[in-house]
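S.K.: Sequence:
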Amino acid sequence: MKIALDAMGGDFGPPNLVAGAVMALRDYQQITKLYLVGDSAKIENELHKHQCTDSRVDIVHATQVVDMSDRAWSAVRRKKDSSVSRAVDLVKRGQADAIVSAGHTGAAVAASTIKLRTLPGIDRPGIAAVLPTETNVFVLIDAGANMGTVYSRHVLHYKNPTVGLVSLGDEDVKGTELTKEVFKMLKPSSLNFVGNIEGRHLFEDPVEVVVCDGFVGNVILKTCESIAVAMFQWLKHELMRTTMRKAGAFLARNAIGTIKAKTNYEEYGGSPLLGVNGICIIAHGASTPLAIKNALRVAAESIEQQVNPHIVEEIRRYYETTAPLEPALH
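In the working numbering, the protein residues as written are 498 to 827.
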């Protein structure tokens, strides 16, 4: 497996990204080549800090970085020598099987869509985030029920993933005009569609694939992240109030640690951009080395499980058995 890492993206740049790459090389022997794309001097300096001389590392120099203030599509066209563009180029030329980026999400999506194009039958790609519940994990995807189902089945190993559409109520007459139209298309499909779900259903009565538009998905994702952090801060504050509570916290430390790990975004690594003709993993901008290591693991899993061929086959079967879908569905 050959993976290209945008070594300049994210809030912390090369220090966290290269450190995560070194961790991945030590733990994932299935990675046969890891391209570190960016300022070669800075990358070499970080590799030297970690005493990494792994022969699988190949540095690809890039002179530009897409800033968070840049407009995604124009940045791809103007900054042709940016680290994210050069990393996608490696996938386009077949030198790498996947790209991982913790940088400008819009630029990574734009570069992948422009340079790699979408898979047959896909109108636009969708970002799939994996979120935990008490009993399972689910895929949150913006406009991609078919693709989310494929990822849930082949990477998360759910035999027949249930699909829910985020709306304002269970009834099909509720929601925006967009969600009402998507409901009409999902209901007769071959997907295991259970109907509309509200925000509370995400964790009270979870499904395996949650479909929504990009705006709603981003709000859900960021809200869940902030609640997880806040809950543990509140819990720590309350448990430290008395000696009795401290003793209880000590006895429950293993359970607390398990839940903290389950809600830690670092463990999930990154979100696949499904629907492009290549593997693209979007990592959190504030990714730690552990998060980058796990983002590289997600890339390796997507390559190993042949997610894209399965998506193509799923779309082909759909078009053979039913009317063509609108862009909102796939």
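Everything labelled a hint here was simulated from the structure, so no lab data went into it. This structure is a prediction, so every number in the text was calculated from the model and none was measured. All C-beta atoms in this analysis are idealised placements derived from N, C-alpha and C, irrespective of residue type, glycine included. One should not assume that every hint holds.
[Stated by the list, open to error] Dumping the calculated PhoX-like pairs for lysine-lysine here, alpha-carbon to alpha-carbon at most 20 Å:
| # | residue 1 | residue 2 |
| --- | --- | --- |
| 1 | Lys-671 | Lys-656 |
| 2 | Lys-576 | Lys-612 |
| 3 | Lys-719 | Lys-671 |
| 4 | Lys-576 | Lys-499 |
[Claimed, not checked] Simulated restraints on C-beta separations:
| # | residue 1 | residue 2 | range |
| --- | --- | --- | --- |
| 5 | Arg-553 | His-734 | 42 to 52 Å |
| 6 | Gly-782 | Gln-730 | 17 to 27 Å |
| 7 | His-545 | Lys-677 | 55 to 65 Å |
| 8 | Phe-700 | Ile-611 | 33 to 43 Å |
S.K.: All hints, please: hold or fail.
M.R.: Hint-by-hint comparison with the structure:
Among the hinted pairs, Lys-671 with Lys-656 is inconsistent with the structure: their alpha-carbon atoms are about 30 Å apart, more than 20 Å. Taking the CA atoms of Lys-576 and Lys-612, the gap is near 14 Å; set against the 20 Å cutoff, the hint holds. With a C-alpha separation of about 24 Å, the suggested pairing of Lys-719 with Lys-671 is violated against the 20 Å cut-off. Of the pairs offered as hints, the one joining Lys-576 and Lys-499 is violated, with about 24 Å between alpha carbons and a cut-off of 20 Å exceeded.
Arg-553 and His-734 have their C-beta atoms about 45 Å apart, which keeps the hinted 42 to 52 Å range intact. Taking 17 to 27 Å as the suggested C-beta distance range, the pair Gly-782 and Gln-730 conforms, at roughly 21 Å. Judged by the Cβ atoms, the range 55 to 65 Å given for His-545 and Lys-677 holds: they are separated by roughly 58 Å. Taken as a hint, the range 33 to 43 Å holds for the pair Phe-700 and Ile-611, whose Cβ atoms sit roughly 37 Å apart.
Of the numbered hints stated above, those contradicted by the structure are hints 1, 3 and 4, listed in ascending order.
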